[in-house]
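Chain order of the listed sequences is A and B. Following the working numbering, the numbering of the first sequence begins with 337 at its first residue and continues without gaps. Following the working numbering, the numbering of the second sequence begins with 337 at its first residue and continues without gaps.
No lab work stands behind these hints: they were computed from the structure. C-beta: ideal position from N, C-alpha, C; glycine also. Hints may be right or wrong, so weigh each one.
The following label-pair restraints were derived from C-beta to C-beta distances [stated by the list, open to error]:
hint : chain 1 : residue 1 : chain 2 : residue 2 : range
1    : B       : Asn464    : A       : Asn394    : 30 to 38 Å
2    : B       : Asp350    : A       : Asp401    : 33 to 41 Å
3    : A       : Asn395    : B       : Lys517    : 23 to 31 Å
4    : B       : Phe495    : A       : Asp404    : 32 to 40 Å
5    : A       : Ile375    : B       : Asp350    : 53 to 61 Å
6    : B       : Lys520    : A       : Asn393    : 23 to 31 Å
7    : A       : Met406    : B       : Asp480    : 48 to 56 Å
8    : B       : Asn464    : A       : Pro463    : 30 to 38 Å
The list that follows gives simulated cross-link-like pairs (lysine-lysine, BS3-like), each with its CA atoms no further than 27 Å apart [as the list claims (entries may be wrong)]:
hint : chain 1 : residue 1 : chain 2 : residue 2
9    : A       : Lys411    : B       : Lys517
10   : B       : Lys520    : A       : Lys411
11   : A       : Lys466    : A       : Lys340
Protein chains: 2
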Amino acid sequence: MDKKIIDMLMEDLDQSRLEHTLRVVEEAKRLARRYDVDIQKATTAALLHDCGKLKDNNNLLKLADDFDIMMTDNKDLIHAPLGAALAQHKYKIEDEDILNAIKYHTTGRKDMSHLEKIIYIADYIEPNRKFIGVERVRRLAFEDLDESICLAMDQTIVFLVKSNRIISLDTIEARNQLVSKGNKGGSQWAK
Amino acid sequence: MDKKIIDMLMEDLDQSRLEHTLRVVEEAKRLARRYDVDIQKATTAALLHDCGKLKDNNNLLKLADDFDIMMTDNKDLIHAPLGAALAQHKYKIEDEDILNAIKYHTTGRKDMSHLEKIIYIADYIEPNRKFIGVERVRRLAFEDLDESICLAMDQTIVFLVKSNRIISLDTIEARNQLVSKGNKGGSQWAK
Chain A
337 MDKKIIDMLM
347 EDLDQSRLEH
357 TLRVVEEAKR
367 LARRYDVDIQ
377 KATTAALLHD
387 CGKLKDNNNL
397 LKLADDFDIM
407 MTDNKDLIHA
417 PLGAALAQHK
427 YKIEDEDILN
437 AIKYHTTGRK
447 DMSHLEKIIY
457 IADYIEPNRK
467 FIGVERVRRL
477 AFEDLDESIC
487 LAMDQTIVFL
497 VKSNRIISLD
507 TIEARNQLVS
517 KGNKGGSQWA
527 K
Chain B
337 MDKKIIDMLM
347 EDLDQSRLEH
357 TLRVVEEAKR
367 LARRYDVDIQ
377 KATTAALLHD
387 CGKLKDNNNL
397 LKLADDFDIM
407 MTDNKDLIHA
417 PLGAALAQHK
427 YKIEDEDILN
437 AIKYHTTGRK
447 DMSHLEKIIY
457 IADYIEPNRK
467 FIGVERVRRL
477 AFEDLDESIC
487 LAMDQTIVFL
497 VKSNRIISLD
507 TIEARNQLVS
517 KGNKGGSQWA
527 K
């Protein structure tokens, strides 16, 4: 099944996106082992997490329209719900947890499942990610999954502020929930 | 009328809160003149913006319950909706715009009225505010009201991240709307 998915992805994604995808798969497998999540589900979700990042951009907008995906102010976010729609209709994935892991892998959301958390963080820390702060999240990811997500979200929020981009309400709701549960997030690096 | 409100406030608020209130009134009047907002409305809204910050904290929680004000995770935010309820029922204010200016003076919200914007920013920049970044907002407030609010909100969001506190969804929606309209907000100080 993975082989068939990869063959299909090779048609839709460009080479660097496919390489990123395979790195996320490896990271997701490691996290799944660490946190007792079904390895096959984690593999499938990771393989398809960016299946909405089509190399043909025109196609992306047309497909988003076909699937009635709301065009928000933030075009960076379309690929995630579009990916979930493609995973369901083109790649024939029925598992809701996998579809949600794809749909929310960029923003996160309140009440994320373990699988959703793993895909979110695997995408954030895969070995080629080099941005400031990624090392802190990478270290935390295998120690405390929620804390690593809270930190990743706080860093993302500050990044979006500094780069004048739209902040997803899903991210804020997820981050607020983690803070309410005692996670320290970005406050750790402020001192 | 202002005199009667001040007499009532002297019973409910402690001295330093009352002094802050009078500084916000002066700032709100200046902003109202600059942006053609009704001076009396701005004065009344500013006088009452913190009327929910009762010196008796137990009373605050009981009153919030009496007025069915949702207790959120963020206790800092109760005083604003509570203030709007007190303004309506105790201070007999009927003007919806004044009540909303009180209710949203801490978080802001999408589609703020001019009066709401003025009270939000007057509270942020009154002369005794000394925190980092306040000077930037103070300068902008009389040049470009929306830009000053966008910057104040971005600074608030980063402050809440760094101090591990809940971020209001109203603030995010307001800030996203301002960014969508071309305001630069916190991205200006990132370079």
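Check each numbered hint from earlier against the structure, then list the numbers of those it violates in ascending order. 1, 2, 7, 8, 11
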